[in-house]
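Asker: In order, the protein sequences belong to chains H and V.
Heads up, the first sequence is in my numbering, so the first residue is 15 and it goes up one at a time.
Heads up, the second sequence is in my numbering, so the first residue is 537 and it goes up one at a time.
Since the hints were derived computationally from the structure, they do not count as laboratory data.
Think of the CB as a built atom: it goes at the ideal place given N, C-alpha and C, for glycine as much as any other residue.
It cannot be assumed that every hint is accurate.
Stated by the list, open to error - Once the Cα atoms are required to be at most 27 Å apart in a straight line, the calculated DSSO-like pairs of lysine-lysine come out as:
(1) K217(H) x K571(V)
(2) K217(H) x K107(H)
(3) K637(V) x K217(H)
(4) K601(V) x K217(H)
To be verified - Which residues of chain V face chain H? A few of them, derived with a C-beta cut under 7 Å, are:
(5) E626
(6) C726
(7) R740
(8) V748
(9) K752
(10) S754
(11) V756
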Amino acid sequence: MADKTDDKKRDKSGSSDKSDTLKLALIGNLNVGKSLIFNSLTGIGVEISNFPGTTVGMYTGSLVHKDKHYEIIDFPGVYSLDGVNEEETEVRKFLLEKKADRLIAVLDSTRLERNLYLLLQVAEFKIPTVVVLNMTDEAEKQGLVIDGDKLSEILGCPVLKTAAIEGRNIDKIIPLAENGAKTIDAVTRYDDHVEAALRSFSKVNGSDRLSGLLALEGLLPDSDLSETAGVIAAEIEDQHRMSVHQILAANRHNEAKRIKCLIEKDEKFKPSRNFDRLLTRTSTGVPIMTVVLLTTLICVFIIGSVLEEAIVEIFETFLIQPMYALSLPPLAENILYSLLIAVEAGLGIAFPYVFVFYILISVLEDTGYMTRAAFLADRAMHNIGMHGQALIPMVLGFGCNVPAIMAIKQFSERERVIASFLITMVPCSARTVIIAGIVFTFVGLFAALSIYLIVFVLIILTGIVLTKVTPGDQFGMILEMVPMRKPRAKQTLTRAWLRMKEFLFIAMPLLLASSVVLGILQFFGVIAAFQNLFEGFMYSALGLPDYASTSLLFGILRKEMAFETLAILSGTANLGAVMSAAQLYIFAVVSVLFVPCISTIAVLYRQMGLKISLAVCCYTLSLGFVTGIILNALFNIF
Amino acid sequence: MEITECEDYLEAIINNSVEEITPDSLKILADALNKDVSEIEGGLNDLRDEGFIRINDADAYREIKLTHSGRKLGECTIKKHLVLESFFTEILGMDSDSASKEACVLEHGASPDTIKRLKNYIRERGARHGFHARDAHEGHEGHEGHMFNHPHHRGDRDEGMGRNLSEFDEDDAVKILFTDGGSRRTDRLCDMGLIPGETITIKRKLSNGAMVVAIKSSEVGISPEIVRLVFVEKV
Numbered sequence: 015m016a017d018k019t020d021d022k023k024r025d026k027s028g029s030s031d032k033s034d035t036l037k038l039a040l041i042g043n044l045n046v047g048k049s050l051i052f053n054s055l056t057g058i059g060v061e062i063s064n065f066p067g068t069t070v071g072m073y074t075g076s077l078v079h080k081d082k083h084y085e086i087i088d089f090p091g092v093y094s095l096d097g098v099n100e101e102e103t104e105v106r107k108f109l110l111e112k113k114a115d116r117l118i119a120v121l122d123s124t125r126l127e128r129n130l131y132l133l134l135q136v137a138e139f140k141i142p143t144v145v146v147l148n149m150t151d152e153a154e155k156q157g158l159v160i161d162g163d164k165l166s167e168i169l170g171c172p173v174l175k176t177a178a179i180e181g182r183n184i185d186k187i188i189p190l191a192e193n194g195a196k197t198i199d200a201v202t203r204y205d206d207h208v209e210a211a212l213r214s215f216s217k218v219n220g221s222d223r224l225s226g227l228l229a230l231e232g233l234l235p236d237s238d239l240s241e242t243a244g245v246i247a248a249e250i251e252d253q254h255r256m257s258v259h260q261i262l263a264a265n266r267h268n269e270a271k272r273i274k275c276l277i278e279k280d281e282k283f284k285p286s287r288n289f290d291r292l293l294t295r296t297s298t299g300v301p302i303m304t305v306v307l308l309t310t311l312i313c314v315f316i317i318g319s320v321l322e323e324a325i326v327e328i329f330e331t332f333l334i335q336p337m338y339a340l341s342l343p344p345l346a347e348n349i350l351y352s353l354l355i356a357v358e359a360g361l362g363i364a365f366p367y368v369f370v371f372y373i374l375i376s377v378l379e380d381t382g383y384m385t386r387a388a389f390l391a392d393r394a395m396h397n398i399g400m401h402g403q404a405l406i407p408m409v410l411g412f413g414c415n416v417p418a419i420m421a422i423k424q425f426s427e428r429e430r431v432i433a434s435f436l437i438t439m440v441p442c443s444a445r446t447v448i449i450a451g452i453v454f455t456f457v458g459l460f461a462a463l464s465i466y467l468i469v470f471v472l473i474i475l476t477g478i479v480l481t482k483v484t485p486g487d488q489f490g491m492i493l494e495m496v497p498m499r500k501p502r503a504k505q506t507l508t509r510a511w512l513r514m515k516e517f518l519f520i521a522m523p524l525l526l527a528s529s530v531v532l533g534i535l536q537f538f539g540v541i542a543a544f545q546n547l548f549e550g551f552m553y554s555a556l557g558l559p560d561y562a563s564t565s566l567l568f569g570i571l572r573k574e575m576a577f578e579t580l581a582i583l584s585g586t587a588n589l590g591a592v593m594s595a596a597q598l599y600i601f602a603v604v605s606v607l608f609v610p611c612i613s614t615i616a617v618l619y620r621q622m623g624l625k626i627s628l629a630v631c632c633y634t635l636s637l638g639f640v641t642g643i644i645l646n647a648l649f650n651i652f
Numbered sequence: 537m538e539i540t541e542c543e544d545y546l547e548a549i550i551n552n553s554v555e556e557i558t559p560d561s562l563k564i565l566a567d568a569l570n571k572d573v574s575e576i577e578g579g580l581n582d583l584r585d586e587g588f589i590r591i592n593d594a595d596a597y598r599e600i601k602l603t604h605s606g607r608k609l610g611e612c613t614i615k616k617h618l619v620l621e622s623f624f625t626e627i628l629g630m631d632s633d634s635a636s637k638e639a640c641v642l643e644h645g646a647s648p649d650t651i652k653r654l655k656n657y658i659r660e661r662g663a664r665h666g667f668h669a670r671d672a673h674e675g676h677e678g679h680e681g682h683m684f685n686h687p688h689h690r691g692d693r694d695e696g697m698g699r700n701l702s703e704f705d706e707d708d709a710v711k712i713l714f715t716d717g718g719s720r721r722t723d724r725l726c727d728m729g730l731i732p733g734e735t736i737t738i739k740r741k742l743s744n745g746a747m748v749v750a751i752k753s754s755e756v757g758i759s760p761e762i763v764r765l766v767f768v769e770k771v
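Produce the complete structure using the sequences and hints provided.
Answerer: Following this line, the structure appears as structure tokens:
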């Protein structure tokens with residue numbers, strides 16, 4: 015027996031390595047604990063990639079279980095598979111191309127009906143599936159009794175009850191996916207006309223049920239079916255005065271409700287608690303939101319600066335000074351120094367500021383507060399051309415613009431254009447370092463806060479103008495309110511760590527490379543030449559010393575490098591000694607406003623194309639210089 | 537060539553996406569029309585003479601293009617066919633093969649008015665029986681709402697058919713009648729479960745009209761411009 019299986023294995027691996035790796039994909043609604051399951055399964059070896067040719071992210075990880083290799087894919091959370099937004103389109107394409115061998119459908123036990131709706135669609139793709147009923151701990155607390163066996167019987171595929179937060183049954187997912195996964199038998203019966211159309215498609219074109227459905231919804235533009243389907247769909251829509259999507263959605267919801275009634279007992283929907291009510295009422299919610307967001311920012315400031323100081327201290331004592339003690343040849347020393355300083359700057363910004371920020375944001379998301387804040391913020395955001403959901407990327411932008419820009423992809427085209435401009439203006443933690451390191455340290459707290467004020471006013475003005483000039487309709491907000499939950503350390507840290515990785519993957523390599531380039535350029539005197547070129551302008555228009563222009567240039571590579579470079583080029587960390595308060599203030603304002611960092615530009619380019627990223631760069635560049643020139647003029651007068 | 541024969545040809549051309557004259561495509565058309573291959577080419581020439589298609593003789597293969605009137609006639613015939621077929625299968629309970637054959641014959645004689653009435657009849661009857669019969673487990677009153685939306689014309693909606701969701705206040709429970717968002721605008725609402733026939737409760741209404749509504753054991757925040765697309769009645 016054992017020999018036989020071994021032979022089989024060898025045969026398989028002989029023919030192709032890939033065939034030995036089973037591809038498992040996690041699919042589910044937003045906020046069902048998918049990421050936590052993914053992380054518990056894969057541990058830390060996670061890769062962050064995009065669906066080919068898009069900016070829609072997916073996480074992949076691999077694991078070995080009993081000598082077998084598995085690749086696990088975590089899809090972005092979706093509400094349906096026949097939607098037209100980018101995530102839904104990409105997940106659908108992925109499934110249609112049969113790129114996943116098994117599906118692990120994660121359902122939230124406390125919101126079964128809505129989750130079953132997606133599952134019924136997943137069933138139509140006929141991929142072997144394991145259904146995971148997650149959050150059973152929450153469901154038990156709410157007094158919901160769910161009959162998993164019955165569900166398994168109805169669907170014809172295995173059902174596993176889990177509580178990812180407690181780690182309950184998570185270890186059973188992989189064995190079950192490997193051996194037990196089955197395609198779901200349950201079929202949603204649609205409206206008579208839809209069924210008649212599907213029958214005639216299968217007769218005339220020999221197409222399967224799934225392609226028929228997708229064609230009716232106009233989601234298979236290139237198939238032979240599309241033309242006939244278009245005519246029939248128009249006919250059906252005319253008869254029902256509903257879109258095909260609505261008809262299918264209604265049928266699926268009915269089916270989901272039917273299944274739910276069969277398997278769930280004692281459903282007592284708990285209305286939102288009083289505490290929750292306070293959060294969404296304007297009179298109480300807005301002050302709470304202001305306090306929460308400000309506290310978050312202040313915490314990041316304080317914790318960040320303490321941690322950063324410690325990191326810098328460690329680097330200076332244990333790495334940089336010993337390196338000088340080695341007395342290497344000048345060029346090597348220069349490059350090594352640039353590398354070390356980049357790692358120092360990277361770690362100094364990434365962990366103290368970005369990571370702390372991500373942890374706090376994850377707490378806000380996990381408690382469910384973020385969606386309430388987004389709901390309340392909708393009105394204000396409306397004025398600057400976006401809806402409430404844009405609050406999340408905007409606030410994320412305070413950590414780093416890169417993930418914030420990544421988060422705008424589910425918006426409409428118009429909102430993405432507006433968000434591109436506004437988010438790149440949000441003072442990210444790197445810019446906070448400039449404000450804190452230069453203005454707060456050498457000028458004072460109120461001067462530092464006034465820079466924020468200037469930036470916010472400019473963001474609002476820009477938003478108001480863009481709302482008027484950007485083409486397209488303002489699309490409304492439809493946002494699920496995540497139930498209020500007590501945050502759990504494990505889940506929060508998992509979420510923060512996943513984000514952190516995304517940040518490290520994108521930002522760190524660029525930071526290292528650019529720092530080395532800076533070191534080499536400086537060594538060969540290119541920087542001195544550059545300085546001479548802009549010296550006149552920098553001095554007459556902005557009142558800044560010559561080396562400030564170089565610092566600003568390197569601010570494009572990474573914002574906080576403007577500060578680092580300024581310290582290096584001026585020859586002292588005590589900037590107060592070489593520049594006046596007005597100069598430091600202007601330097602900070604210009605570098606905070608002007609051109610986003612190179613990583614942000616790169617992400618913008620991927621997301622929005624050349625035109626928009628160029629426009630954003632030109633706009634912020636001129637905004638930075640114009641504001642600097644005005645400030646300089648004002649300081650000269652008073 | 538008789539007009540009925542033209543209709544059969546056009547139907548076969550559209551259904552089989554025939555775009556050029558090749559031995560293969562002639563064979564496909566011959567099978568679809570139940571004729572001999574040798575007759576087909578002549579038939580296509582007649583069709584060209586009637587002005588329903590254009591044949592491009594210049595190419596090595598001969599490309600066929602439907603003219604405007606050809607496409608119109610063909611699609612109209614296909615529509616008639618589908619309505620008749622669905623009448624035979626859904627209402628008369630015939631098996632689909634003979635329904636299709638029967639429809640092939642009758643589609644030529646039926647006037648547009650007959651087809652329209654037949655279509656309406658299928659719809660009305662479907663609303664009353666078809667859907668209920670199959671989804672009897674549900675048995676809710678709201679069912680016709682679910683499936684067939686409201687039976688009135690879009691233009692009638694001001695005449696007392698449903699009120700805008702924005703007119704209601706906190707703690708009101710209302711039943712959704714229809715949403716009016718164009719094709720794709722309210723897809724997300726549907727996915728969230730806000731479909732016609734569903735009852736929702738307004739949990740929160742802000743002064744600008746934004747709402748939080750309870751639906752299917754979850755809560756959904758909706759901004760004012762979306763709220764205005766939802767038409768409901770009080771329960």
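Asker: Holds or violated: is there a CB of chain H closer than 7 Å to the CB of C726(V)?
Answerer: 4 Å, holds
Asker: Grab the minimum C-beta distance from E626(V) to chain H and call the hint holds if it beats 7 Å, violated otherwise.
Answerer: With a minimum Cβ separation of about 5 Å from chain H (threshold 7 Å), the hint on E626(V) holds.
Asker: Return the status of the interface hint for K752(V): holds when the least beta-carbon distance to chain H is below 7 Å, violated otherwise.
Answerer: 5 Å, holds
Asker: With the threshold set at 27 Å, check whether the alpha-carbon distance from K217(H) to K571(V) stays at or below it.
Answerer: Within the cut-off at roughly 20 Å; holds.
Asker: Sort out whether K217(H) lies within 27 Å of K637(V), counting only the CA atoms.
Answerer: 13 Å, holds
Asker: When the nearest CB of chain H is found for V748(V), is that gap smaller than 7 Å?
Answerer: The hint holds - V748(V) has a Cβ within 7 Å of chain H, the shortest such distance being about 6 Å.
Asker: Starting from K601(V), check that the Cα of K217(H) is at most 27 Å away, please.
Answerer: Holds: K601(V) and K217(H) sit about 25 Å apart, inside 27 Å.
Asker: Given a cut of 7 Å on the nearest C-beta pair, is the interface hint for S754(V) held or broken against chain H?
Answerer: Since chain H brings a Cβ to about 5 Å from S754(V), closer than 7 Å, the hint holds.
Asker: Please verify whether K217(H) and K107(H) have alpha carbons no more than 27 Å apart.
Answerer: Given pair K217(H), K107(H) holds - Cα atoms ~25 Å apart, limit 27 Å.
Asker: Would you check whether V756(V) satisfies its interface hint, that is, whether its CB is within less than 7 Å of any CB in chain H?
Answerer: Constraint on V756(V) satisfied, holds at 6 Å.
Asker: Go through the hint on R740(V) and say holds or violated, using the shortest Cβ distance to chain H against 7 Å.
Answerer: With a closest approach of 5 Å, the R740(V) hint holds.
Going down the numbered hints, you'll see the structure goes against none, and every one checks out.
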